[in-house]
Amino acid sequence: MERVRIEAREVFDKLPWPERSWESWRRTPLEKVKPEQKFRQFSSPYNHPYNNRPELLMSSRVLESGRSREGWAFEVHRTSNLWVCHRSEETQGVELYDWFSDFPEEGTLVLEKRIQRLSDRMQAWNLAYPTHGLILKVPNHQRISAPILIQVEEDEIFSLPHLLILLGRDSEAHIVVRFDARKAPGIFLNGGITYQGEANAQGTLVVDRLLPSEGGFFLSFEGYLKRDASLRSVEIHVGGQVSKSNWKVELEEEGAKGDLGGAYVATEGSHLEMELTQSHRSGHAQSNSLYKGVVASGGKSVFQGLIVVGEGATKTDAYLANRNLLLGSGARADSIPRLVIGNDDVRCTHGSTTGKLNEMQLFYLRSRGIPSGEARQILIEGFLEEVISSIPHVYQKDVLSRIAESLS
Amino acid sequence: MSETVTVDIGEYKYGFAFPDRSVFKTRRGLDEEIVRTISQMKNEPEWMLQYRLRGLEAFRRKPMPNWGADLSEINFDEIYYYAKPTDDRKERWEELPEEIRATYDRIGIPEAERKFLAGVGAQYDSEIVYHNIRSDLERKGVIFCAPEDAVRDYPELVRKYFGTVIPFNDNKFAALNTAVWSGGSFIYVPPGVRVEIPLQAYFRINLESFGQFERTLIIADEGSFVHYIEGCTAPIYSRNSLHSAVVEILALKGARVRYTTIQNWSSNVYNLVTKRAVAYEEAVVEWVDGNIGSKRTMKYPAVYLLGPKAHGEVLSIAFAGKGQEQDTGGKIVHAASDTSSIITSKSISKDGGIASYRGLIKVYPNLVGIKSHVVCDALLLDPQSKTNTYPYIEIESEDVSMEHEARVSRISEEQLFYLRSRGLSESEASLMIVNGFLDPMVKQLPLEYAVELNRLIELEMEGSVG
Amino acid sequence: MKEWVPVARVEDVKGVLRVEYGSQEIVLFRLPDGIFALRDTCSHEYARLSEGEIWDEKVYCPKHGSSFDIRTGVVSGLPAVLPVETFPVRIEGDEVYVYIENW
Chain A
97 MERVRIEARE VFDKLPWPER SWESWRRTPL EKVKPEQKFR QFSSPYNHPY
147 NNRPELLMSS RVLESGRSRE GWAFEVHRTS NLWVCHRSEE TQGVELYDWF
197 SDFPEEGTLV LEKRIQRLSD RMQAWNLAYP THGLILKVPN HQRISAPILI
247 QVEEDEIFSL PHLLILLGRD SEAHIVVRFD ARKAPGIFLN GGITYQGEAN
297 AQGTLVVDRL LPSEGGFFLS FEGYLKRDAS LRSVEIHVGG QVSKSNWKVE
347 LEEEGAKGDL GGAYVATEGS HLEMELTQSH RSGHAQSNSL YKGVVASGGK
397 SVFQGLIVVG EGATKTDAYL ANRNLLLGSG ARADSIPRLV IGNDDVRCTH
447 GSTTGKLNEM QLFYLRSRGI PSGEARQILI EGFLEEVISS IPHVYQKDVL
497 SRIAESLS
Chain B
163 MSETVTVDIG EYKYGFAFPD RSVFKTRRGL DEEIVRTISQ MKNEPEWMLQ
213 YRLRGLEAFR RKPMPNWGAD LSEINFDEIY YYAKPTDDRK ERWEELPEEI
263 RATYDRIGIP EAERKFLAGV GAQYDSEIVY HNIRSDLERK GVIFCAPEDA
313 VRDYPELVRK YFGTVIPFND NKFAALNTAV WSGGSFIYVP PGVRVEIPLQ
363 AYFRINLESF GQFERTLIIA DEGSFVHYIE GCTAPIYSRN SLHSAVVEIL
413 ALKGARVRYT TIQNWSSNVY NLVTKRAVAY EEAVVEWVDG NIGSKRTMKY
463 PAVYLLGPKA HGEVLSIAFA GKGQEQDTGG KIVHAASDTS SIITSKSISK
513 DGGIASYRGL IKVYPNLVGI KSHVVCDALL LDPQSKTNTY PYIEIESEDV
563 SMEHEARVSR ISEEQLFYLR SRGLSESEAS LMIVNGFLDP MVKQLPLEYA
613 VELNRLIELE MEGSVG
Chain C
1099 MKEWVPVARV EDVKGVLRVE YGSQEIVLFR LPDGIFALRD TCSHEYARLS
1149 EGEIWDEKVY CPKHGSSFDI RTGVVSGLPA VLPVETFPVR IEGDEVYVYI
1199 ENW
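Chains as they are written, first to last, in my numbering: chain A, 97 to 504; chain B, 163 to 628; chain C, 1099 to 1201.
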């Protein structure tokens, strides 16, 4: 942990605060969240919440507490600084470490890799000055078919969590990470998630967040896939005053495969940004992304995609699609799907479409007696279904009902 | 301050030098004195001089773009910003090096064009052709002259539109052009007039065609039609390494303007162009943009759809060979309802060349009936070549149907195998596939250009040009 | 709710003066026949018109040259396409008042 903290702070100190003039921050209303001010107030070495409360450091730990619920193989909930963990039989081998304890060397190595690649201060922040965090490790050869839940309840208005997820060789795990910040109105939540899938590890990762009506949410994810490792991911963004996520998947070795999905609903007054990078460092890898969003009147979404194929990454298959559905006048959607291709032996396409609800389909439903509001819900759900269906079944209903509620 | 310099044709791989023997040149670098000299040499009225000076001030103030092709080697202080060729053009066709004449033979450039390009200038053949076209245009009330002449003879028209589509401080290179522009075309087409033959710069036998800082202004009045062609497929060697043209087009209600460019500058040229059109109610503007040459090209023809039922199209082809970076694309801004747009971009990269598409589709709020379709296809011919796509889509109205797709591909083993099994050599097969790839665009060109372009691509594929 | 608020002293408006009312940014121009007020944000890419140039009673945005008629806020040159909001101006004594939303 010490090494990570020292290296991350070194990098953090050298990076500048983001500015509106930069390409990746051009569209973000930074003035509504004021990161620099938050740093001075809550996070500098002088103000860190743990500085004057060493008992927090001592007390933050993992507590084992019996069985997980029906439908879940493993659950860990964070409440008042404790990680409470519930297991089923098959997950006895799963290791859990609090961020401030000693964690395994391989975890340190993965984080060091992440730190070396940092180029944005906001992303470095939750590695340099995290307020809480967790390392979850699925051992080699362990296959867990039922899903795993990591629920992070946020009750402070300043939160910098970092989660490290490690899947060993030949393992399988389906993880849902859920940030619940509803009890912290005005929250500034800047979280990081780092993931490494060793050879042939098959992983699913869903990240979902419940936000109060005011507040800023930032998430940066980096996933590293080794030989034949696969990752199916889904980011869910429903509402939120200012929400910006940066999702990067590095296909590091042959046979790596990424299926990346995103479902978003920009309600009135929401500003949702998603940056996605499919980075093909090695050849013979595949990545396929589908981000679908619905923007209500008065909402705004920004999707920036990037497929990068390095010079040596031959036999790459990479696809990117963004689909935006606009629900009323005053809805705004920006879509910037980019390609940077460094060799010719690739199959690569991308597409983006933006439009409104299909008049014909609406008419059809209404002609069958379904009221207009409900008909729209049905069509919107149908539209997002393609992405939502990748989420572990036990969690789908939660997401669907929240989407329906946000649009009513 | 200024000097008469004898310029040697010297060594060059292909094309030939413009201007040639004796020239009047201002000294290197750019300052107020140079701008005043340019204005003076053109006998301009005070208002145009003042406008140039505003451009100079903006040029100094504005930063270089922090995106796009690599422009780090441009040294603004080393460039000659104005050179007026004298009439003393004794260049003869026979004096041109063998390879040049051979290239023209291969490409099949018509005799009259060759002689003009050879600098033989106002040759008998071209004169007659030119005269016939000119009297026809005059009868219809079409104005087609050099912008310098327009400033002098049609000041109300010029003052009304000049700089309203691309203002003096739009970007660093438009500001530069505002300060030192020279040559280009001014076209005004009266209401209802259709100009059936494409207008081309060399019809005016303007010695300053193919200049560094051309300024073109086209005004198509209500219900009119004109097709303008700029450049030519013949490789042109320019001693001037910085080319920064500005083209402004206004298509008034119901008018249609098509602007075709085939650019094939030599490999020392930085070609940084600002081209923009406004289309009013029911007007149509089509940009057909072919970029074959130059070291670096940055060019994004734009159409602003300002009136209902207007339509804008950009058809762009780029060929990036060894050492080249073609950074091109198109921009369409929908600012009125029931407007539509199509952008088609096709690029080919070979021998390490880099072809990038950069585009924008923007739809303002409170509009209905918007349709837009963008297709970007990139063909990579070998492992060293590269392509990038940076499309920006900004939609602020609900009643929009917008589709964008981009594909990267290479000549597949299967395609090659199939064609070779039918008796074609590998290079013939490659060429056929490349031609098939470009076909939709080539179909849009006037026949003789299409033929020339095809032959030029053939030469590029063989690697025997430049 | 709109109301008349004082934003500057008449003598301070020499050519161009940028003023702030709450979080709103306004630019005042002095022309031969009076003082005019526009929102100090270009409708193209949000640069400040108060930092631009004035030629022939039009203001040119410093970023890309969009121009607006100072009296009416109407676009007179691209790349902007939407007009800029104007505010009625009243002089009372030595103060300049503008009629503006009071949030």
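Treat the hints loosely; a few may be bogus.
[What the hints assert, rightly or not] Under the rule of at most 16 Å between Cα atoms (straight-line distance), these lysine to aspartate or glutamate pairs were calculated in the EDC-like manner:
#, chain 1, residue 1, chain 2, residue 2
1, A, K388, B, E565
2, B, K471, B, E443
3, A, K411, B, E565
4, A, K209, A, E294
5, B, K224, C, E1118
6, A, K452, B, E300
7, B, K524, A, E294
8, B, K224, C, E1151
9, B, K322, C, E1155
10, C, K1156, C, E1183
11, B, K524, C, E1149
Honestly, the hints are just simulated from the structure, not real lab data.
Hints, verified against the model:
no., hint, verdict
1, A:K388 with B:E565, "14 Å, holds"
2, B:K471 with B:E443, "6 Å, holds"
3, A:K411 with B:E565, "27 Å, violated"
4, A:K209 with A:E294, "14 Å, holds"
5, B:K224 with C:E1118, "27 Å, violated"
6, A:K452 with B:E300, "50 Å, violated"
7, B:K524 with A:E294, "43 Å, violated"
8, B:K224 with C:E1151, "14 Å, holds"
9, B:K322 with C:E1155, "15 Å, holds"
10, C:K1156 with C:E1183, "14 Å, holds"
11, B:K524 with C:E1149, "26 Å, violated"
The structure fails to meet hints 3, 5, 6, 7 and 11 from the earlier list, while all remaining hints are met.
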